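Chain by chain, the residues run as shown.
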Amino acid sequence: MQDEDFMTIRLKVNGETHRLVVEPRRLLADVLRDDLGYTGTNLGCEHGACGSCTVLVDGQSVRSCLMFAVQANGHEVMTVEGLARNGEMHPLQQAFWEKQGLQCGFCTPGFLMTAYELLQHNPNPSEEEIRDSLSGNICRCTGYQHIVEAVQAAAQTMASSAAVPSGTGA
Amino acid sequence: MKPPKFHYFAPQSVGEALALLAEHADEARVLAGGQSLVPLMNMRLVHPGVLVDINNIDELAYINVWDGGVAIGTLTRDATLTSDSTVAKRLPVLRDAAHHVGHPAIRNRSTVGGSIAHADPAAELPAVMVALNAEFVARNLSGTRTISAQDFFKGYLTTDLKEGEILTELRIPGLPSRSGSTFVEFARREGDYALAGVAAIVALDEDGTIADARLGLCSVGPSPVRPQAAEALLRGQRPDAEAWAAAAAAVVSILDNPLSDIHGSADYRRHLAGVLTKQALATAAERAEGNR
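Heads up: the sequence lines are chains G and Y, in that order.
By this note's numbering, the letter at position 12 of the first sequence is numbered 12, and the numbering carries on one by one without gaps.
By this note's numbering, the letter at position 270 of the second sequence is numbered 270, and the numbering carries on one by one without gaps.
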């Protein structure tokens, strides 16, 4: 069954389940973009050097150009389109906008997904931790300073909004 | 930049994977984390007819205490090495080295066994395994064999692994109680391939002199370098700057064929190897003193 030229797979992307038929050689990035229309995931180098195509698979950041779509069969994928809720930008997106953490925007989805994973594990990262975490993403416009500031600002926003509901305790 | 066609199999057990490798013999490649193989396929530098994807073989992903050291399943991700408490406690050199493997999104996929089997001369983990006197377990349809790290790496991207074999486990003996270890490297940018990297393990005697020292270097030759002459110089010496300098000079003197490329000349890599040897030994000795 698995050695046919095409395979039927099930991908859950940003909460929505898709069944599709793909060739094993198709990269996850290409299937997300071309078959499913999640064009927020950008392909830069196609060999794992630039980080633009970073998405989350089961909550972990991966290069979607270094993974075959068949390998994501049955797994949950989150792309940059999954960040906004009910038309409201995610605090990271808002902060990238306000701090001018982007210029041309091509690398931004990869930065957002990488930073999203960082803040999930480490809600209050130091500047060094932010830079270390983002070291695998290349931006040719900003010089990174504003991106680091945006991640710091987003961490603050997320910490203060998280503190509101639990603020009644001691 | 799209990979060529291949037949794809995703077995659930090592036995199944071995049967597939035997059936497809020289056409088949094992797909582990894919962080080296898939770029090579995207660039059409390799074009295996069959991929045997081992990512669903859960029995290959573990870190166990073994004979005072650790036994690591080859599908263990590098990200796990950076955060695992057993590794941090018993083998900080492994944690330090794993942190230098690519970037977070790479380490979430890349596997320890993949790095060993790929045998890139710039890879950190092969050099660490050589310094740690690790042994590797390889399995084929007729049985298993163990290979010492020293004998495993044969040259540029070349290992002792035979057709039809899969690496299943990496066994790393424990370190003496009063010992310390670390890994340091220099790369142009964080996460890039290192221009040189050094793993160091230092064990101290009761009287504070060096009982044993071991070194493993990456990126300074076609395969990991274990400079045994430098290690011999250190035994019985006081752990001080003079000893580190003597060992570094001995390391530099045996490096006859480091790569010379756009990123750094052979001479520069040799120089870095000496500097990093001193740094790694000093940190390992400091940690050993802390482990009194």
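You may find that some hints are simply not true.
To be verified - Stretch-level coverage of chain Y by chain G, calculated; a stretch enters the list once three of its residues show a Cβ under 8 angstroms from a Cβ in chain G: (1) 98 to 105; (2) 126 to 133; (3) 142 to 156; (4) 185 to 197.
As the list claims (entries may be wrong) - Dumping the calculated EDC-like pairs for lysine to aspartate or glutamate here, alpha-carbon to alpha-carbon at most 16 angstroms: (5) Y:K5 with G:E23; (6) G:K12 with G:E98; (7) G:K12 with G:D58; (8) Y:K162 with Y:D26; (9) Y:K2 with G:E76; (10) Y:K154 with Y:D207; (11) Y:K162 with Y:D67; (12) G:K12 with G:E88; (13) Y:K89 with Y:D67; (14) Y:K2 with Y:E16; (15) G:K99 with G:E149; (16) Y:K162 with Y:E190; (17) Y:K2 with G:E16; (18) Y:K5 with G:E128; (19) G:K99 with G:E76; (20) Y:K2 with G:E149; (21) Y:K5 with G:E149; (22) Y:K154 with Y:E135.
What the hints assert, rightly or not - Interface residues of chain Y toward chain G, partial, derived using beta-carbon atoms under 7 angstroms: (23) Q12; (24) N64; (25) W66; (26) G69; (27) R95.
These are computed hints drawn from the structure, not numbers from a lab.
What you are looking at is a predicted structure, and each value in this text was computed from that prediction instead of being measured.
Even for Gly, the Cβ is constructed at its ideal location relative to N, Cα and C.
Worksheet item: Within the assertion that chain G covers the segment 126 to 133 of chain Y, do at least three residues meet a Cβ-to-Cβ distance smaller than 8 angstroms?
Response: Three-residue rule not met by the segment 126 to 133 of chain Y, so violated; n is 0.
Item to complete: Take a quick look at whether Y:K2 and G:E16 sit within 16 angstroms of each other, Cα to Cα.
Response: With Cα atoms ~27 angstroms apart, Y:K2 and G:E16 exceed 16 angstroms; violated.
Worksheet entry | Y:K2 paired with G:E76 [C-alpha distance capped at 16 angstroms] | 23 angstroms, violated
Worksheet entry | Hinted pair Y:K162 and Y:D26, Cα distance within 16 angstroms | 10 angstroms, holds
Discussion item. Tell me if the straight-line CA distance from G:K99 to G:E76 falls inside 16 angstroms.
Written reply: Distance ~31 angstroms between G:K99 and G:E76 Cα, so the pair is violated.
Worksheet item: CA of G:K12 to CA of G:E98, is that 16 angstroms or under?
Response: Distance ~31 angstroms between G:K12 and G:E98 Cα, so the pair is violated.
Discussion item. Next pair to validate is Y:K2 with G:E149; report whether the Cα-Cα distance is within 16 angstroms.
Written reply: Judged against 16 angstroms, a Cα distance of about 36 angstroms means the pair is violated.
Worksheet entry | Pairwise hint evaluation, G:E149 against G:K99, where the allowed Cα distance is 16 angstroms at most | 7 angstroms, holds
Discussion item. Check the hint pairing Y:K162 with Y:E190 against an upper bound of 16 angstroms on the C-alpha distance.
Written reply: 34 angstroms, violated
Worksheet item: In terms of beta carbon proximity below 8 angstroms, does the segment 185 to 197 of chain Y have 3 or more residues touching chain G?
Response: holds (count 3)
Fill in: Hinted pair G:K12 and G:D58, Cα distance within 16 angstroms
The given pair, whose Cα atoms are some 10 angstroms apart, holds under the 16 angstroms limit.
Worksheet item: Would the pair Y:K154 and Y:D207 pass a check requiring their Cα atoms to be no farther apart than 16 angstroms?
Response: 39 angstroms, violated
Going down the numbered hints, you'll see the structure goes against 2, 3, 6, 9, 10, 11, 12, 14, 16, 17, 18, 19, 20, 21, 23, 24, 25, 26, 27, while the others check out.
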